[in-house]
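Enquirer: Listed in order, the protein sequences are those of chains A and B. full-length UniProt numbering numbers the first residue of the first sequence as 1 and each following residue consecutively. full-length UniProt numbering numbers the first residue of the second sequence as 1 and each following residue consecutively.
A few of these clues could be false.
Any copy, or any two copies together, can satisfy a pair, since identical chains are not distinguished.
As the list claims (entries may be wrong) - Derived lysine-lysine pairs resembling DSSO-like cross-links, with alpha carbons at most 30 Å apart: (1) K141 - K254; (2) K335 - K157; (3) K217 - K159; (4) K34 - K60; (5) K54 - K157; (6) K159 - K335; (7) K60 - K38; (8) K54 - K38; (9) K254 - K218; (10) K60 - K217; (11) K64 - K34; (12) K34 - K254; (13) K254 - K217; (14) K254 - K335; (15) K141 - K159.
If you're looking for bench data, these hints aren't it; they were derived computationally from the structure.
Residues per chain are reported as follows:
There are 2 protein chains.
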Amino acid sequence: MENRKIKDELIYFNNVVNFSSTSLRNVPTREQAKWQRKTVVTLALTFLTSSQAKLIVWSKRAGKYEYSVTTANFLVETLKCALSLAALARIWNSEGVTEANSTTLDEVIVYPIPALLYLVKNLLQYYIVAYVDAPGYQILKNLNIISTGVLYRIILKRKLSEIQWAAFILLCAGCITAQLNSRSDHVLQTPLQGWIMAIVMALLSGFAGVYTEAIIKKRPSRNINVQNFWLYIFGMAFNAVAILIQYFDAVMNKGFFHGYSIITTLMILNHALSGIAVSMVMKYADNIVKVYSTSVAMLLTAIVSVFLFGFNLTLAFFLGAIVVSVSVYLHSAGKLQR
Amino acid sequence: MENRKIKDELIYFNNVVNFSSTSLRNVPTREQAKWQRKTVVTLALTFLTSSQAKLIVWSKRAGKYEYSVTTANFLVETLKCALSLAALARIWNSEGVTEANSTTLDEVIVYPIPALLYLVKNLLQYYIVAYVDAPGYQILKNLNIISTGVLYRIILKRKLSEIQWAAFILLCAGCITAQLNSRSDHVLQTPLQGWIMAIVMALLSGFAGVYTEAIIKKRPSRNINVQNFWLYIFGMAFNAVAILIQYFDAVMNKGFFHGYSIITTLMILNHALSGIAVSMVMKYADNIVKVYSTSVAMLLTAIVSVFLFGFNLTLAFFLGAIVVSVSVYLHSAGKLQR
Chain A
1 MENRKIKDEL IYFNNVVNFS STSLRNVPTR EQAKWQRKTV VTLALTFLTS SQAKLIVWSK
61 RAGKYEYSVT TANFLVETLK CALSLAALAR IWNSEGVTEA NSTTLDEVIV YPIPALLYLV
121 KNLLQYYIVA YVDAPGYQIL KNLNIISTGV LYRIILKRKL SEIQWAAFIL LCAGCITAQL
181 NSRSDHVLQT PLQGWIMAIV MALLSGFAGV YTEAIIKKRP SRNINVQNFW LYIFGMAFNA
241 VAILIQYFDA VMNKGFFHGY SIITTLMILN HALSGIAVSM VMKYADNIVK VYSTSVAMLL
301 TAIVSVFLFG FNLTLAFFLG AIVVSVSVYL HSAGKLQR
Chain B
1 MENRKIKDEL IYFNNVVNFS STSLRNVPTR EQAKWQRKTV VTLALTFLTS SQAKLIVWSK
61 RAGKYEYSVT TANFLVETLK CALSLAALAR IWNSEGVTEA NSTTLDEVIV YPIPALLYLV
121 KNLLQYYIVA YVDAPGYQIL KNLNIISTGV LYRIILKRKL SEIQWAAFIL LCAGCITAQL
181 NSRSDHVLQT PLQGWIMAIV MALLSGFAGV YTEAIIKKRP SRNINVQNFW LYIFGMAFNA
241 VAILIQYFDA VMNKGFFHGY SIITTLMILN HALSGIAVSM VMKYADNIVK VYSTSVAMLL
301 TAIVSVFLFG FNLTLAFFLG AIVVSVSVYL HSAGKLQR
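Let the hints inform the model, and build the full structure from the sequences given.
Expert: Printed below as a string of structure tokens:
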């Protein structure tokens, strides 16, 4: 077991060295394959996330969820778990059970932590609405861009250049600008309790993301499907507990699938696939790429809405989109100078 | 005369070389003095410009100018001209009339060009209001940030790094964001003629600024007060023509100084001093510094208004201010990498 850890460390170290030296020599085929994989998972995440917001809105009827949201979350985790297991079964069939596609107990004990953090964050969501209205909450959620950057630096000890930090501040400012509307200024009247809760939620969400990356990256030789399986099984467990606490009566009286529609099914499918894409991005890229990917997805959602629903884009949206685009450019320009 | 030109070229070349090598060795006292002069004129411009907007608003009564604006412009040019001449007289007294503090006819013939460009731009201002409302015009005016950058690159052939270009786009987006209000979206409905006029006006204004810098920098050994005298004398002349065309009747019937108040006098004083500060920035820094300086002044004006008049700052203002601040940082960070 000690040997495997050393092997993992070595592979990880090699990856880092290979990655940082790509700008100095010709990119070899292995690096190209890695870069391609990184690009594919990032694009998949962006594409899936951009349709997510619309499906959530569509799944409501007259502005209300007719299904229990927690049952949908539970099904998302179950579906992801099933997909990981199916992928794993295929691998076991072809390669047999090896060190790379199985796991040990000491490895598993940390997997509940991200699921638990997300659960606490989701519970806080029910309390913050007492202090902030919905558009205000939408704006405050962008604080997790900053918290992710800070925790990424502290926990994963990966450095961002000064230009990249500037880009990250711009990403946050640009996302908020793009979402501005006539009622946005209300958020400035948020009481101190609301701000504290918003910051705590941003930290929880950032910490969960960064911690997941730490778990996944700690053993780079481990197959992603094994890692996902454990992440999702605990996601299922915690959501099951949440259903019992919050929706037990509703589920008992109206049934588990009450209020479900085709849109709900599509939404669950989309969430499950984008959840897997997030894990892939954590494995083959990092949290910073994830944050950029979901921010760009937010802009794409708005642009698609113009064509599908005839929404008008505001001047604030254009300005936010320009700032986000410059931020994306600066993030990669800042990387080259290292 | 050929000799003087060569001397000028050499001094200019030396300045450029000295400036770009400052990061490589200890900054000598001469460089320090230059840097100090640059800082002082930049701060003076920022300070004077930030009080300018308020004085213009104060000089109105019930939202209207009671004085003819062109007579005020004429007095601003006259005051600047008088101040330059006074400074020049002092220099002539102490140093005598030398090559550095006098001028030749072939040099003077280009000085009317900036004044003419500004006049055309100011005349266009009367026509653009048919297509754009006042807040929209305020927003479109920020286009001259971009036009100044582009013309600075093309005419003065001075390079900006890619990071500095990104910073410049951010400066424009940030300034517009900070000025957003509930009626800003109207600007998106501006008809094509309005956009064309706004772009032409931005180009005229950018061209006038860059051309002034080119004139002033062409002969770095020439005393700034000589250069200013010629710039301002043509400003006086063109404004006198404008008074004759537009306000002849009003001036004849009500008198030249009709509707003037203490505030109008303060405003003229402020405009004259900031006009001189602009020339100084062109001489000792450049148009890019001028644009940054006036953008930061715009933010300061808004912040001062909060304390003086109890205005509320909007979320858009904060976001714009963050983007402008990051842009200022990136402009200097981008410089260091050259």
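Enquirer: Within a copy, between copies, both or neither: which one fits K34 and K60 at a CA-CA cutoff of 30 Å?
Expert: neither (40 Å within a copy, 65 Å between copies)
Enquirer: For K64 and K34, with the copy left unspecified, which applies at a CA distance of at most 30 Å: within, between, both, or neither?
Expert: Close neither inside one copy (43 Å) nor across copies (66 Å); limit 30 Å.
Enquirer: Classify it for me, K141 with K254: is the Cα-Cα distance of at most 30 Å met within a copy, between copies, both or neither?
Expert: Classified as neither; 33 Å inside a copy, 60 Å across copies.
Enquirer: Regarding K54 and K38, is the shortest C-alpha distance of 30 Å or less found within a copy, between copies, in both, or in neither?
Expert: within (26 Å within a copy, 53 Å between copies)
Enquirer: If the cut is 30 Å between Cα atoms, do K141 and K159 qualify within a copy, between copies, both or neither?
Expert: Answer is within; shortest intra-copy Cα gap is 24 Å, inter-copy 39 Å.
Enquirer: Tell me, please, which holds for K254 and K218 at an alpha-carbon limit of 30 Å: within, between, both or neither?
Expert: Answer is neither: 44 Å inside a copy and 83 Å across each miss the 30 Å cutoff.
Enquirer: Which holds for K60 with K217 at a C-alpha limit of 30 Å: within a copy, between copies, both or neither?
Expert: neither (37 Å within a copy, 65 Å between copies)
Enquirer: Within a copy, between copies, both or neither: which one fits K335 and K157 at a CA-CA cutoff of 30 Å?
Expert: both (16 Å within a copy, 28 Å between copies)
Enquirer: Within, between, both or neither: how does the pair K34, K254 come out at a Cα-Cα threshold of 30 Å?
Expert: Intra 48 Å, inter 79 Å, cutoff 30 Å: neither.
Enquirer: Go through the copies and call it for K159 and K335: within, between, both or neither, with a Cα cutoff of 30 Å.
Expert: both (10 Å within a copy, 22 Å between copies)
Enquirer: Tell me, please, which holds for K217 and K159 at an alpha-carbon limit of 30 Å: within, between, both or neither?
Expert: within (16 Å within a copy, 42 Å between copies)
Enquirer: Are the CA atoms of K54 and K157 at most 30 Å apart within a copy, between copies, both, or neither?
Expert: neither (36 Å within a copy, 48 Å between copies)
Consistency note: the structure conflicts with the earlier hints numbered 1, 4, 5, 7, 9, 10, 11, 12, 13, 14.
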